[in-house]
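Engineer: Sequence:
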Amino acid sequence: MSTPDQHSQSVPGETDSDLWTSEKVAQYLHVSLKTVFNLRRNGLPFLKLGGAVRFIPQEVKDYLVAHRGLAAHRWRQVIRTGERP
Numbered sequence: 100m101s102t103p104d105q106h107s108q109s110v111p112g113e114t115d116s117d118l119w120t121s122e123k124v125a126q127y128l129h130v131s132l133k134t135v136f137n138l139r140r141n142g143l144p145f146l147k148l149g150g151a152v153r154f155i156p157q158e159v160k161d162y163l164v165a166h167r168g169l170a171a172h173r174w175r176q177v178i179r180t181g182e183r184p
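With the sequence shown counted from 1, adding 99 to any position gets you my numbering.
No wet-lab data here; the hints were simulated from the structure.
The reader is advised that the hints may include incorrect statements.
Stated by the list, open to error - As a list, the in silico DSSO-like pairs of lysine-lysine whose alpha-carbon atoms are at most 30 Å apart: (1) LYS147 - LYS133; (2) LYS160 - LYS123; (3) LYS123 - LYS133; (4) LYS123 - LYS147; (5) LYS160 - LYS147; (6) LYS133 - LYS160.
Please model the entire structure based on the sequences and the hints provided.
Structural biologist: Following this line, the structure appears as structure tokens:
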């Protein structure tokens with residue numbers, strides 16, 4: 100039996116086994132949909148099911164851990180230039 104990490108955020112009514120929409124990712128990250136779109140273009144893992152874009156919650160969390168060292172101004176630069184951090 101696994102227990103959730105004390106510091107992990109969750110989207111109300113969702114479990115890690117559910118796929119997240121862009122709106123749910125934006126809610127989880129406290130950012131706009133445009134930011135989610137930009138993060139997707141710059142490496143945030145996602146799935147396309149037909150025309151729908153979905154995210155695996157653990158992959159979103161792993162991406163955040165891997166990229167958490169960047170300051171806000173650096174994130175804007177990465178998003179603007181399209182370079183990989």
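Engineer: Next step is simple, just say for each hint if it's right about the structure.
Structural biologist: The hints, checked one at a time:
| no. | hint | result |
| --- | --- | --- |
| 1 | LYS147 - LYS133 | holds (18 Å) |
| 2 | LYS160 - LYS123 | holds (13 Å) |
| 3 | LYS123 - LYS133 | holds (13 Å) |
| 4 | LYS123 - LYS147 | holds (16 Å) |
| 5 | LYS160 - LYS147 | holds (19 Å) |
| 6 | LYS133 - LYS160 | holds (19 Å) |
Against the hints set out earlier in the document, no violation occurs for any number.
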